[in-house]
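Asker: What follows is each chain in one-letter form.
Number of protein chains: 2
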Amino acid sequence: MSQHSIRSRSATALLALIITSAAEAAPPPKKPPTTAAILEESKPTEWRALDPENTIYLELAGGRVVMELAPAFAPKHVANIKTLAREGYYDGLAFMRSQDNYVVQWGDPAGDAKEKQRPMKNGQAALKSEFDRAWSKDLSFTPLGNVDGYSPEGGFSSGFPAGRDLAKGRIWLAHCYAMLGAGRGDTADSGSGAELYVVIGNAPRHLDRNVTLVGRVVQGMELLSVLPRGTGALGFYEKPEQYVPIKSIKVAADVAESARVKLEVMRTESDSFKRLIAARRNRSEDWFLAKADYVELCNVPIPVRAAVPTAD
Amino acid sequence: MSQHSIRSRSATALLALIITSAAEAAPPPKKPPTTAAILEESKPTEWRALDPENTIYLELAGGRVVMELAPAFAPKHVANIKTLAREGYYDGLAFMRSQDNYVVQWGDPAGDAKEKQRPMKNGQAALKSEFDRAWSKDLSFTPLGNVDGYSPEGGFSSGFPAGRDLAKGRIWLAHCYAMLGAGRGDTADSGSGAELYVVIGNAPRHLDRNVTLVGRVVQGMELLSVLPRGTGALGFYEKPEQYVPIKSIKVAADVAESARVKLEVMRTESDSFKRLIAARRNRSEDWFLAKADYVELCNVPIPVRAAVPTAD
Chain A
0 MSQHSIRSRS ATALLALIIT SAAEAAPPPK KPPTTAAILE ESKPTEWRAL DPENTIYLEL
60 AGGRVVMELA PAFAPKHVAN IKTLAREGYY DGLAFMRSQD NYVVQWGDPA GDAKEKQRPM
120 KNGQAALKSE FDRAWSKDLS FTPLGNVDGY SPEGGFSSGF PAGRDLAKGR IWLAHCYAML
180 GAGRGDTADS GSGAELYVVI GNAPRHLDRN VTLVGRVVQG MELLSVLPRG TGALGFYEKP
240 EQYVPIKSIK VAADVAESAR VKLEVMRTES DSFKRLIAAR RNRSEDWFLA KADYVELCNV
300 PIPVRAAVPT AD
Chain B
0 MSQHSIRSRS ATALLALIIT SAAEAAPPPK KPPTTAAILE ESKPTEWRAL DPENTIYLEL
60 AGGRVVMELA PAFAPKHVAN IKTLAREGYY DGLAFMRSQD NYVVQWGDPA GDAKEKQRPM
120 KNGQAALKSE FDRAWSKDLS FTPLGNVDGY SPEGGFSSGF PAGRDLAKGR IWLAHCYAML
180 GAGRGDTADS GSGAELYVVI GNAPRHLDRN VTLVGRVVQG MELLSVLPRG TGALGFYEKP
240 EQYVPIKSIK VAADVAESAR VKLEVMRTES DSFKRLIAAR RNRSEDWFLA KADYVELCNV
300 PIPVRAAVPT AD
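So the protein sequences, as listed, match chains A and B. Under numbering that gives the first Met the number 0, the final residue of the first sequence carries the number 311; numbering is consecutive throughout. Under numbering that gives the first Met the number 0, the final residue of the second sequence carries the number 311; numbering is consecutive throughout.
So here's chain A without its partners, still in its complex pose (with noise of 0.2 Å):
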């Protein structure tokens, strides 16, 4: 029975989806490399700090998940969200909404109960929406090279998961696994970032342009993805008691350095990167006997590491 056990090394070879460890090793020579490969010999320029302007930290009972927001993309939102941090809106709220292969999404508890809302100081509580932009050449892009479903052209860009159409001169951020977005009502300039959900099921790739995309989990999804299902339509918890309270959320630069996490994020536009979705299209891995040669645009994972401690 061994040859199949879960808890061989072979076996556990299965479904690996190792994006930042250096675990495996080298791949034997004239095979193309696979994603710890291309990982392992990545330059170090080739990598990226976090901004902490641009970062921030949710913390939770269980621990603290850190975002990294997109102002590139969505400016007047994320001004927003870090004028609602600063001033301390979201302290005290709380997920409300944790919906199977979907979206866990917090905000007010107070709800539709206007005098017992959380009042905002300098925060705004609705902002004309930022579903897409004008492309330019001053944001990075680096194509798929696969055909994507969902937009004339599928890529990354700054770090972030996109769509593309240069007819049009316009792009977006995709709705894929980690990306949080800021809710809104039925009229697209209705969201404002006071209530923020994360995509924690299959790319629900429908919604882009239709909401505005301000950023990404980077560190601390597990933390998001298994909080408990709510049995209410959409997902909504039925109780308050169900909800699961946010301690806070900071701006990472208003953090003490000490206590912040210092990561590092693969660029998008380098060549590792390119080489990672050529790798992620066929796994060169013995494992994978069938090679899919084609990869879905959320399938290609964007490194995320420890920052590497530098000599100065």
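No lab work stands behind these hints: they were computed from the structure.
Pairs of lysine to any residue residues, derived as SDA-like cross-links and limited to a Cα-Cα distance of at most 25 Å, are as follows:
#1 A:Lys290 x B:Thr186
#2 A:Lys290 x B:Phe140
#3 A:Lys238 x B:Val225
#4 B:Lys127 x A:Asp285
#5 B:Lys290 x A:Ala125
#6 B:Lys290 x A:Phe140
#7 B:Lys167 x A:Asn281
#8 B:Lys290 x A:Gly168
#9 B:Lys290 x A:Ala71
#10 A:Lys290 x B:Gly144
#11 B:Lys246 x A:Pro227
#12 A:Lys246 x B:Pro227
#13 B:Lys261 x A:Thr230
#14 A:Lys261 x B:Gly231
#15 A:Lys238 x B:Leu59
#16 A:Lys75 x B:Phe287
#17 A:Lys261 x A:Pro43
#18 B:Lys42 x B:Val260
Some chain B residues near chain A, calculated using beta-carbon distances under 10 Å:
#19 Ser150
#20 His205
#21 Asp285
#22 Lys290
Pair by pair, the computed Cβ-Cβ distance ranges are:
#23 B:Pro142 x A:Pro74: 38 to 48 Å
#24 B:Asp253 x A:Pro43: 53 to 63 Å
#25 A:Lys246 x B:Ala232: 24 to 34 Å
#26 B:Gly144 x A:Pro74: 33 to 43 Å
#27 B:Ala78 x A:Lys42: 51 to 61 Å
#28 B:Pro142 x A:Gly144: 20 to 30 Å
#29 B:Lys261 x A:Pro227: 20 to 30 Å
#30 B:Lys246 x A:Pro74: 50 to 60 Å
#31 A:Gly168 x B:Glu284: 24 to 34 Å
No residue lacks a Cβ here, since even glycine has one placed at the ideal position from N, Cα and C.
Since the structure of chain A is provided, determine the placement of chain B on it from the hints.
Answerer: Same frame as chain A, now just chain B:
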């Protein structure tokens, strides 16, 4: 602030993925139907009851997970799983792996320690792989009607998402969310169904034709998808006390009728299901401002509902 409050009826429409509820109002005339309207208008003959001989109940402390097996695609594995269930092989095994955005997996905690492994009576420890099978008109096939990057033709066969290659005369099940697969070791024929996994993340379609898929979770995914993520490599739990015990796995036909869950699955060859695909391609709910005009294979829900009582 109420216009975007998370609890307002308008805002909760935000990310609707109701597949079994008829809570939404019927759409105004002349608009294409919503998912809810299609379900409401479907005919009784467009649903089929689960076959108790090909349904298994996985019992956890938190409740029951119902899985439909796919004997048309993996006859040997399905037969072996039923044999193993009937000889009590699974009872007392445990989930030992929960990898974020990927799979949960169970097996024998004794692992590689041969002398401690749970013995099999009539069950088999290794089987010929059933990664794909010959296409036959005896199978139903409802095309997705959109490009599927992972197969020449994506669609739905006998209630499961599938890829098809008519030129080669082959068809196979697709690794969508909630699909159930048989873990294997390095060789194609090293799996058996003794160790099974369920997809809990973005569809890992690169596994298609690399592992034998044996069925799908039709109820109780929310019990599996929230299992605490393992901190070991590949999401394995590092301590035995973290294992999530399986009370039992039984074939539904062996469970007293009064203790069975009566579920119906929408026939994927029905007109209503074809309408559902179209409705998911372009959402007609007012909330959607941008229409995708595309739907990814794994973004079409295969509806499940409580069986409608009949008069007899």
